[in-house]
Structure formats: C-alpha cells, structure tokens
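Enquirer: Based on the sequences and whatever the hints tell you, model everything.
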Amino acid sequence: MDASERQEDRSHFDAWVRGEPAGFTWLYDKYKNRVFAFLLRMTSERELAEDLLQETFLAALRNANQFDRNRSFLSWLFGIAHKRAIDHFRHAKVEHEHQSDAEKSVGTRIEAPDDATSNERMRGLVSDALETLDPLQREVFLLRELGDVPFKEIAHMMNCPINTALGRMRLALRNIRKELEKRGVHGVH
Amino acid sequence: MECTRWTEEGLLYTSGELNGSQKEKFQRHAGECAFCSNELKAFHEERTSLFTPATLYEPTSPQLDARITAACTRLPRPTAGIGLLAMVARKGVVPVLFLVFGFAGGIYVAFNLERFNSEEIRMADERIDQESGIPALPENDMSDGVLAAAEGPSNPTAGDSARPDSAGGAQPAFDAGHRGDLRARGVVPVDLGD
Ligand SMILES: [Zn+2]
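Chains P and S, in that order, give the protein sequences. With the numbering used here as the guide, the letters of the first sequence map in order to residues 1 to 189. With the numbering used here as the guide, the letters of the second sequence map in order to residues 1001 to 1194.
Just so you know, the hints here were simulated from the structure itself, not pulled from any lab data. Quick reminder that beta carbons are idealized off the backbone N, C-alpha and C, glycines included. Take these hints with a grain of salt, some might be off.
Said to hold, decoys possible - Below, a list of computed lysine-lysine pairs in the DSBU-like style, where the Cα atoms sit at most 30 angstroms apart: (1) P:152 with P:178; (2) S:1023 with S:1041; (3) P:178 with S:1041; (4) P:152 with S:1041; (5) S:1025 with P:152; (6) P:152 with S:1023; (7) P:182 with S:1041; (8) P:152 with P:30; (9) P:30 with S:1041; (10) P:152 with P:83; (11) P:30 with P:83; (12) S:1041 with S:1025.
Stated by the list, open to error - If you want a taste of the chain S side facing chain P, the calculated C-beta under 10 angstroms gives, among others: (13) 1007; (14) 1011; (15) 1043; (16) 1046; (17) 1056; (18) 1060; (19) 1064; (20) 1068; (21) 1072.
Expert: Printed below as a string of structure tokens:
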C-alpha cells in the first residue's frame, strides 16, 4: 500500500468521522470482504463473524481519536477486528488455539461446485489448505495477507516476539505449499 | 539447505519493513543465496496467483451491508441539542446536583430563618401600632407603657398602687376613661387612702 492510497483512506475516514456517509461507504466497500474473510476464518461461525464485522467498524468510529495518522487504516482496522475476535474467545472461554483442525473447519469450508471454474476451484483448494494450518500460523498468515499488517504489528497484536511471528509465517507458507502439492497444485518448488 | 536469513530478513523485506540499508543488504544476499532467491520468487508468484482477492476474500450479504451501513452512518438525532443534558441525566449527575443545591438552599434558609422571623415580627408590630394609633415606643418603655396599659383593666388596683406615677395627676387618658367606664357599670374602685 503506497503513501497516496493511505492518504486517500485517511481522508475518507475523516469524512466518515465528520458524519459524511460517503466516507464510510467508500472504506466499507473497499475493506469489508477482507475483514469479513479474516473474522470468518478466525471464528468459524458466519453469524458471529457478521456481528464482529459490525462491531469492528463501529469501534473504528468510536475510537477514531486513537487512530495513529502514520499507520495504515487497514492495519488499524485489522487490529480492531483481531482484538474483537480474541475478546470473543476469551469471553466464551474457548481455547481456540487448542481446537482441532476438524472443529475449526466447520462452517468455514468454501465448497466449490462440481462445474466450478478455475477460480472457484482454486478458492476451494486455498481454503482447504488454510484449514489444515496450525491456528497461530493461520492467524499470522491472514493478518499479513488479508490485512497487510506489518510483522512488527502482528507480533504486538499476538503478544509474541517478532521472530516468533516471522517463524509462524514461514511455517504457514511451507505448509500451504505442501497441502496444495498434495492436491495437484505445484508452484516453483 | 534452508537459509535462516529468509525468515529473519526475507519476510520483512516482502512486507516492506526493512529500512534503506537493510533492504540493500538483503537484496545483495538474495543475489548470492539460492534459497532466499527461490523463496522470494515463489512467494511473489503465490501472491499473484494463489493469495488473491478471488481466493482469500469473503463476500458479505446485501442484508449485512445494509445493517452495518445503517449502524455506522446513523445521523445525529434531533435531540442532539440536549445531548449534554441527556448525558448528564444518564450519568446521574442531575440527581446529585439537585441534592447539592437542595442541601445548600436548606442551609441558607436555616441560617436566615431567625432574621426573617424577627424582621416579620417587627413589621407586624409596626402595623399593629399604626392601626391602634399608639406610637411605637422604645424597647425600654414597653413594661411601663404598653404592658401596663394592657394589664390595667384586669387589675386596676394593683396597677394603680404598683405604679408610683399612677397616684399623681398625670393619669393616662386610657386609665381615666376606663375607670369612668367601670363606674358606669357599677364597679367602684377601692380607695386605699394614701
Ligand atoms: Zn539466504
């Protein structure tokens, strides 16, 4: 994300905070599918992910004065979404890190129809590969690839050293490749 | 063989978190290290063909969009002008202010009640005096004048004997008139023969 795109996000956010609905619509349309994908993969429950998506955008508005103008709006939004998801698990006393992959995959699997196009097929394959990941590896991968969150911020969000976050990303990439190769998708290796 | 610099520097390079000199240093290393060079190339290809919006993003429903848009763009209500009052009322400050002012008012009244009462009495006395035609007397004359006049009719003898000036010629008009009135009703004063 370049500087001009960040500036554009910030000006739309300012408009939204001033009460201009167009500012919200612009940001929501741009980022809703990324944040929703993150929340859906984190929670495995569509209805819950929908509620958390609403809470995330409302919290962004409520805490507008806490937005660091030097940061990317998307990273900040993902920080809020991540916190909402983690808080939910804490309140629900769900040890999501220790849930089995089978349990985690319920409701998040994206089924590709038999006559799926190449894109839909690939979508299903990537989704399957993500579901086989260790939840902490998946968390780092999603924050990085969906939220464009820097590793330094990921480490802060996950309360771990930056090398731990980097190690989880390395393992996530390696495991996704392995899973895709099992399903006949081969990369450069 | 796996190179540790990929994890330590390569991933930070891909996320744009290396500064100018760190970036150059890793680029030089990747030019010489097959592992890092391969990882860099693979990750770039995965990002352009596998980790794309089409495979990673999740669409939201129109119902959800409408719900969230309504919640996030709700315009201020017409009662926004009394928002502060509403906020204060919600936080229970109004009852507290009510109690504080009520208490302060109570203390003020309590401290001034005595003054109010004496003022009222003085004004009432003046009113009575004006209506009865008796001039207001200084406070030290109360026992000799007004008080004696009031006691006079019920105990005229005691009143006459008790007051040294009553034996003299300077009888108050009220006293003389009143005695005449008593005689007319058949009441004769006892002459003590002083
Ligand atoms: Zn290397």
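Enquirer: All hints are to be evaluated individually against the structure, with a verdict given for each.
Expert: The hints, checked one at a time:
1. P:152 with P:178: 27 angstroms, holds
2. S:1023 with S:1041: Status holds; Cα separation ~16 angstroms.
3. P:178 with S:1041: 17 angstroms, holds
4. P:152 with S:1041: Within the cut-off at roughly 23 angstroms; holds.
5. S:1025 with P:152: Holds. Residue 1025 (chain S) to residue 152 (chain P) sits at ~20 angstroms (cutoff 30 angstroms).
6. P:152 with S:1023: Answer holds: residue 152 (chain P) to residue 1023 (chain S) is near 16 angstroms, not above 30 angstroms.
7. P:182 with S:1041: Holds - the C-alpha atoms of residue 1041 (chain S) and residue 182 (chain P) are around 21 angstroms apart, at most 30 angstroms.
8. P:152 with P:30: Distance ~24 angstroms between residue 152 (chain P) and residue 30 (chain P) Cα, so the pair holds.
9. P:30 with S:1041: Judged against 30 angstroms, a Cα distance of about 28 angstroms means the pair holds.
10. P:152 with P:83: 16 angstroms, holds
11. P:30 with P:83: Holds: residue 30 (chain P) and residue 83 (chain P) sit about 21 angstroms apart, inside 30 angstroms.
12. S:1041 with S:1025: 18 angstroms, holds
13. 1007: With Cβ-Cβ at 5 angstroms, under 10 angstroms, it holds.
14. 1011: At about 5 angstroms, which falls below the 10 angstroms cut-off, the nearest Cβ of chain P leaves the hint on residue 1011 (chain S) intact, so it holds.
15. 1043: 7 angstroms, holds
16. 1046: 6 angstroms, holds
17. 1056: 6 angstroms, holds
18. 1060: Nearest chain P Cβ about 5 angstroms off; hint holds.
19. 1064: For residue 1064 (chain S), the interface hint holds, since the closest Cβ of chain P sits about 5 angstroms away, which is under 10 angstroms.
20. 1068: 5 angstroms, holds
21. 1072: It holds, given that the least Cβ distance between residue 1072 (chain S) and chain P is near 5 angstroms, below 10 angstroms.
Of the numbered hints stated above, none is contradicted by the structure.
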